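Colleague: Sequence:
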Amino acid sequence: MYIRTGNTGVWSISILKTKVADGDYSATAEISLKGRCRCKLVLTAPKLSAQAGDDKLKQKCIDWINKEEAEGRDLSHSSEAEEA
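Numbering (the working numbering), first residue to last: 2 to 85.
In short, the hints are calculated from the structure, not lab data. Some hints could be false.
To be verified - When the alpha-carbon atoms are kept at most 30 Å apart in a straight line, the in silico DSS-like pairs for lysine-lysine are as follows:
1. K20 - K41
2. K35 - K48
3. K48 - K59
4. K57 - K35
Said to hold, decoys possible - Derived Cβ-Cβ restraints for the label pairs, each shown as a range:
5. V11 - D56: 14 to 22 Å
6. D25 - E72: 13 to 21 Å
7. K20 - D56: 13 to 21 Å
8. S50 - E72: 27 to 35 Å
9. G73 - V21: 20 to 28 Å
10. K68 - D23: 20 to 28 Å
11. E70 - D23: 13 to 21 Å
12. G10 - P47: 31 to 39 Å
13. E72 - A46: 37 to 45 Å
14. S50 - I4: 18 to 26 Å
This structure is a prediction, so every number in the text was calculated from the model and none was measured. Heads up, the beta-carbon is just placed ideally off N, CA and C, and yes, glycines get one too.
Turn these sequences into a full structure, and let the hints guide you.
Modeller: Rendered as structure tokens:
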């Protein structure tokens, strides 16, 4: 789990790896704000180490957070509530 403090509060990034063939990488990241899931991102790549994959997925999450904050979205609601 990674913690990132942004303009709108404290974000958490949880990475769950999926079992794949040796040398490949597959994982899902859940991005949460104030304990509420805001987004899930997936990264799959052949011939990518676990550390490099985690770093790449973490950066993808940080980029998503920065974009959401820059666009000034109302981040006080969960993504589930927005979809309903």
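Colleague: Each of the hints needs a verdict: does it hold here or not?
Modeller: Status of each hint after checking the structure:
Taking the CA atoms of K20 and K41, the gap is near 18 Å; set against the 30 Å cutoff, the hint holds. Between K35 and K48, the direct Cα distance comes to roughly 35 Å. Violation of the 30 Å bound is thereby established for this hinted pair. Note on K48 and K59: the hinted pairing holds, with a Cα-Cα distance of about 18 Å set against a maximum of 30 Å. Of the supplied pair hints, the one linking K57 and K35 holds, its CA atoms being roughly 24 Å apart against a limit of 30 Å.
Separation of V11 from D56 is about 21 Å and conforms to the stated range, judged on CB atoms against 14 to 22 Å. Between D25 and E72 the C-beta distance comes to about 33 Å, which lies outside the given range of 13 to 21 Å. Checked against the hint of 13 to 21 Å, the pair K20 and D56 passes, with Cβ atoms roughly 20 Å apart. Against the hinted window of 27 to 35 Å, the Cβ-Cβ separation of S50 and E72 comes to about 33 Å, which satisfies the hint.
One distance hint, 20 to 28 Å for the beta-carbon pair G73 and V21, is violated here, with the actual separation near 38 Å. Range check, K68 to D23: Cβ separation about 34 Å, and the 20 to 28 Å hint is violated. For E70 paired with D23, a C-beta distance near 38 Å fails the hint of 13 to 21 Å. A hinted range of 31 to 39 Å holds for the C-beta pair G10 and P47, which are about 36 Å apart.
Distance hint for E72 and A46: a CB-CB separation of about 27 Å, inconsistent with the stated range 37 to 45 Å. The hint said 18 to 26 Å for the Cβ distance between S50 and I4, and at roughly 23 Å that hint holds.
When each numbered hint is compared with the structure, violations occur for hints 2, 6, 9, 10, 11, 13.
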